[in-house]
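Asker: Here's the letter readout for the chains.
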Amino acid sequence: MSMTGWMGAAVAFLCLVLAVGVVASRGPLIRRVIALELGGVLISLALLLLAEGFDRDIYFDMAVVLAAMTFATSLVFVRFLERWL
Amino acid sequence: MTPQQIVIDALLALAALVALGSVVGLVAAHDDLDRLHFLAPASVASPVLVAAAVVAREAFDGRAVKALLVAGFFLVLNPILSQATARAQRVREHGDWRLTPEEER
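The listed protein sequences derive, respectively, from chains A and B. Mapping to my numbering: the first sequence position 26 is 12, numbers consecutive. Mapping to my numbering: the second sequence position 3 is 6, numbers consecutive.
Calculated directly from the structure, the hints in this document are not laboratory data. The beta-carbon is built from N, C-alpha and C at its ideal position, and this holds for glycine as well. Accuracy of the hints is not assured; some may be wrong.
On the chain B side, residues computed to face chain A include the following (Cβ under 8 Å) [stated by the list, open to error]:
| hint | residue |
| --- | --- |
| 1 | Val21 |
| 2 | His33 |
| 3 | Pro50 |
| 4 | Lys69 |
| 5 | Thr88 |
| 6 | Gln92 |
Pairwise CB distance ranges (calculated) [claimed, not checked]:
| hint | chain 1 | residue 1 | chain 2 | residue 2 | range |
| --- | --- | --- | --- | --- | --- |
| 7 | A | Cys1 | B | Thr103 | 15 to 25 Å |
| 8 | B | Val94 | A | Phe40 | 24 to 34 Å |
| 9 | A | Met(-7) | B | Ala43 | 21 to 31 Å |
| 10 | B | Ala62 | A | Trp70 | 46 to 56 Å |
| 11 | A | Met(-7) | B | Pro6 | 18 to 28 Å |
| 12 | B | Ile83 | A | Asp47 | 20 to 30 Å |
| 13 | B | Thr5 | A | Leu61 | 37 to 47 Å |
| 14 | A | Trp70 | B | His40 | 23 to 33 Å |
| 15 | B | Ala16 | A | Leu15 | 32 to 42 Å |
| 16 | A | Phe40 | B | Pro6 | 35 to 45 Å |
| 17 | B | Trp100 | A | Thr59 | 16 to 26 Å |
| 18 | B | Thr5 | A | Arg12 | 26 to 36 Å |
Derived coverage of chain A by chain B (criterion: at least 3 residues anywhere in the stretch with Cβ under 8 Å from a Cβ of chain B; other residues may be distant) [claimed, not checked]:
| hint | region |
| --- | --- |
| 19 | 0 to 13 |
| 20 | 33 to 41 |
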């Protein structure tokens, strides 16, 4: 398998992150948090694809950690949104 | 191009298309709770498709296990996050997540 497919998919995901970033930078708070949650998923998947594309094992660990951290940080944001913001 | 390459490219293209659909839904939806629904395809289908592509290339080695772990994270944790977000929205709008007496009638 050439690297083109993996890198192409990673670039596509990163372009989608830009679009999500625009949504996350304007509008009501709840909309921004939803965009942040989607952005976290897309970045984790882009990291996974880049890891395979660059053929580096260590990048897979980053994707796993980011996936777990995305959930935790989003949950903290949601709690703040519910109680204090 | 081998059949394995075709399968992998097809899985990756499908994952990107599903993610694109989610982003379009996020941008175009009328309501914030509608937007929340568009998290699901990108959080459930795309990670599984990407993990399947990694498994198709690597078989079940360490990389594939990590890719499946990422897919598992999103598969299990996304519904929890969506519920928590919807609840936060409800509390912000009504002060409590429970039904109001008017809504119960």
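Asker: Indicate, hint by hint, whether the structure satisfies it.
Answerer: Checked hints:
no.	hint	in the structure
1	Val21	10 Å, violated
2	His33	12 Å, violated
3	Pro50	6 Å, holds
4	Lys69	4 Å, holds
5	Thr88	5 Å, holds
6	Gln92	5 Å, holds
7	A:Cys1 / B:Thr103: 15 to 25 Å	43 Å, violated
8	B:Val94 / A:Phe40: 24 to 34 Å	43 Å, violated
9	A:Met(-7) / B:Ala43: 21 to 31 Å	27 Å, holds
10	B:Ala62 / A:Trp70: 46 to 56 Å	48 Å, holds
11	A:Met(-7) / B:Pro6: 18 to 28 Å	21 Å, holds
12	B:Ile83 / A:Asp47: 20 to 30 Å	23 Å, holds
13	B:Thr5 / A:Leu61: 37 to 47 Å	43 Å, holds
14	A:Trp70 / B:His40: 23 to 33 Å	26 Å, holds
15	B:Ala16 / A:Leu15: 32 to 42 Å	35 Å, holds
16	A:Phe40 / B:Pro6: 35 to 45 Å	25 Å, violated
17	B:Trp100 / A:Thr59: 16 to 26 Å	22 Å, holds
18	B:Thr5 / A:Arg12: 26 to 36 Å	46 Å, violated
19	0 to 13	holds (count 4)
20	33 to 41	holds (count 4)
Of the numbered hints given earlier, the model fails hints 1, 2, 7, 8, 16, 18; all others are met.
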